[in-house]
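Protein chains in written order, with the numbering used here: chain A, 827 to 1162; chain B, 5 to 416.
Since the hints were derived computationally from the structure, they do not count as laboratory data. Check before you lean on any hint, since a few could be wrong.
Using 27 angstroms as the maximum straight-line C-alpha spacing, the simulated DSSO-like pairs for lysine-lysine come out as follows [said to hold, decoys possible]:
| id | chain 1 | residue 1 | chain 2 | residue 2 |
| --- | --- | --- | --- | --- |
| 1 | A | LYS950 | B | LYS103 |
| 2 | B | LYS377 | A | LYS1103 |
| 3 | B | LYS377 | A | LYS950 |
| 4 | A | LYS1060 | B | LYS416 |
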Amino acid sequence: MVKMNMIAALNSALDLQLERDPNVVIFGEDVGYFGGVFRVTAGLQNKYGPHRVFDSPLAEGGIAAIAMGMGLNGLRPVAEIQFADYIFPAYDQIVNEIAKLRHRSGGEFWTPVTIRTPAGGGIKGGHHHSQSPEAQFTHTPGIKVVYCSNPRNAKGLLTSAIECNDPVIFFEPKRCYRGPFYGDPHNVPTWNDHPDGEVPEEYYSIPLEQAEIVREGSDCTVIAWGTMVHVATKAIEDSGVDCELIDLQTLVPWDRDTVVNSVKKTGRCVIVHEAPKTSGFGAEMSASIQERCFYHLERPIERVTGWDTPFPHSTEWDYIPSPSRIAEAIHRTQEE
Amino acid sequence: MERTIATTTPYTIGAAPFRPGDEPDFGGAFVHQPGDFYRPDPLTCTTSDTKELAAGLVRVLNDGGEAIGEWNPNLDDETLIQGLEFMMRLRIFDDRMMKMQRTGKLSFYMRSFGEEAIAIAQTMALQEQDWLFPSYRQPGAQFVRGRDMVSMICHCIGNTEDNVRGRQMPVHYTWREGRFISISSPVGTQFSQAVGVAMASAYKGDDEVCISWLGDGTSAQGDYHYALNFASTFKPPVILNVVNNQWAISTHASLATGGHTFAERGLAYDIPSIRVDGNDFLALYSVTKWARERASAGLGATHIEVYTYRAGAHSSSDDPSAYRPNDEFKCWPGGDPVERLRQHLVTRGVWNDEKNHDLEKKIDDEVMTAYKKACEFGDLASGPFPPASTIFTEVYETVPWHVQEQREELGK
């Protein structure tokens, strides 16, 4: 085990995949010589050559389409979209093409594309460097959706995503690249002091479709992914309520059993995500949980989310779910 | 410039001409000289008349600072001095904003360093009713249209006087009064939208032209190609500029296209296309005026490659020393656009060190005054910011019930 931040952990996963599988290729904007604007691919072009790790022209639609073509012809492409906010020129290629290829061809063709993309707020990125568009993809059959939250699961989940024969969108919470975020922009911890900053140097994987119980508890189930896992951790501490915190990790297909078992135990549930509330993935989870836990629920399921507005620049701390908003929701679930 | 290649096996991968540690050398001078190219009549010119202009490089100012050839716009001293002032203002303004960013008063900044002539000369060549649809590297156009610097700085800070209420990142200006349309981060989207703006002007019968800019890297986006094809099909009054500054963050143009000049792409769409020296104020002015004449006469789009060099970092988040030699811009054959116009004015006998010093001092003072005034309305480090209620307004024309409920939930 060594100390790694999330960037180093992702880099390590990519490095091992390039080493183990000659069909893995990596490309995207600025990922080659420079090693990516967040440095996730640093050093890989030097090690594996410019035809395996390369800079693409600036065209997300092109990047997704080329990845699909490479993937259906035997390669295992890992494409980077520099910011999740910039994925939309690729939306047609992802939604109508990559996601549907296996089904539309009667299983004769498939494409094991992984699309990595930094997402989420907390870096003063305004409208276009802050969004968390996971729900736009969870609503698309044929593609798996993963959202890591710390260095250890980032490496293990990315390994599984690349090895998966289905296409995967892999969201990386950019606010947590260098350290966890507990909702206070003035407190900037690193991964050094966090147990999940201990990462095996060697190969390992964490199965997709598996949530992780970050903290066991008996009075309320709190479900989060990405940056919100850490904000929720702080909120739970502040609330004084004995909560069970679940890091969902994979959103499609999600680990319903773990969630349902927890809610049956606690009878209360708070779902937290950065993305807007309306049609957010919290809505899907909430509906599924009430279908299966109706007679166990003591209070309505709470959702603490970003607002149904574009993501702001100056006022972002009033937009991102804060520990206090989450703690209030936890308290509401404890009312008699 | 010839494309450089890293490998042709198993497929071709381009390479930047120089990387850190290399001795950059662009050959010392451009092949094409001022006076090399004729100026076709804008009202009768066909696409094929522009073939040489698209493959070549239209220049006016020679290395001695003289204006040469048919493309000389023959501007008066006053206009040229005004142009110089705008460019100097932009450079000084950028430096002040960059200092603000470094001291935590702004979250982010992007300079126009080395590209000051582009938006300024081109906007000066247009009419005040013409629409500007810029990328983030053309803020200088606002100086030409007279925008108050305090208002610009307030936007960059995102303070209580920001006209877009702290919603956008710095440098993403909006200024309706100056017909400067709101800047968006996703690159290239404005290019095809500009064709739509121009089609609306044509529909309404107004004598308006829309000018838009995007970068060499961005010209890989679909929006660039949509713009050219729609402009070719409908022939609205639009001027479409590819600012080829060689670098898209770390990606050199050699990695972004296998083609020859960017300008030549326009020929295939049957759009008259010209490649112009982007550090030559006079050439930029002249080519843009020519394009406006065509647009205004109902002859449709002109496609322009503005050939320049991004002298600074992509943004305050970028460190170019990781991917190119630090002093590369110093050997760019196009030189410094501000210095070149200054040299021309000296050659004309209307400019000297004393005048330059006085003007610099005047602008410095104005920028400093504007900066202090803007900070009175809040800075990033200490606020105040627009009220949190601005998160919920102007999402729709009126606030719908579900957004209103969330506003009340936030309680600010």
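Exercise for the section: For the pair supplied as a hint, A:LYS950 and B:LYS103, confirm whether the alpha-carbon distance does not exceed 27 angstroms. Expected result: Satisfied, since the Cα-Cα distance of roughly 18 angstroms is no more than 27 angstroms.
Handout entry: 27 angstroms limit on alpha-carbon distance, applied to hinted pair B:LYS377 and A:LYS950
Key = holds (23 angstroms)
Problem - Satisfaction of hint between B:LYS416 and A:LYS1060, Cα-Cα up to 27 angstroms - result: holds (23 angstroms)
Problem - 27 angstroms limit on alpha-carbon distance, applied to hinted pair B:LYS377 and A:LYS1103 - result: With a Cα-Cα distance of about 39 angstroms, the restraint between B:LYS377 and A:LYS1103 is violated, given a limit of 27 angstroms.
Going through the hint list in order, the structure does not satisfy hint 2, though it satisfies all others.
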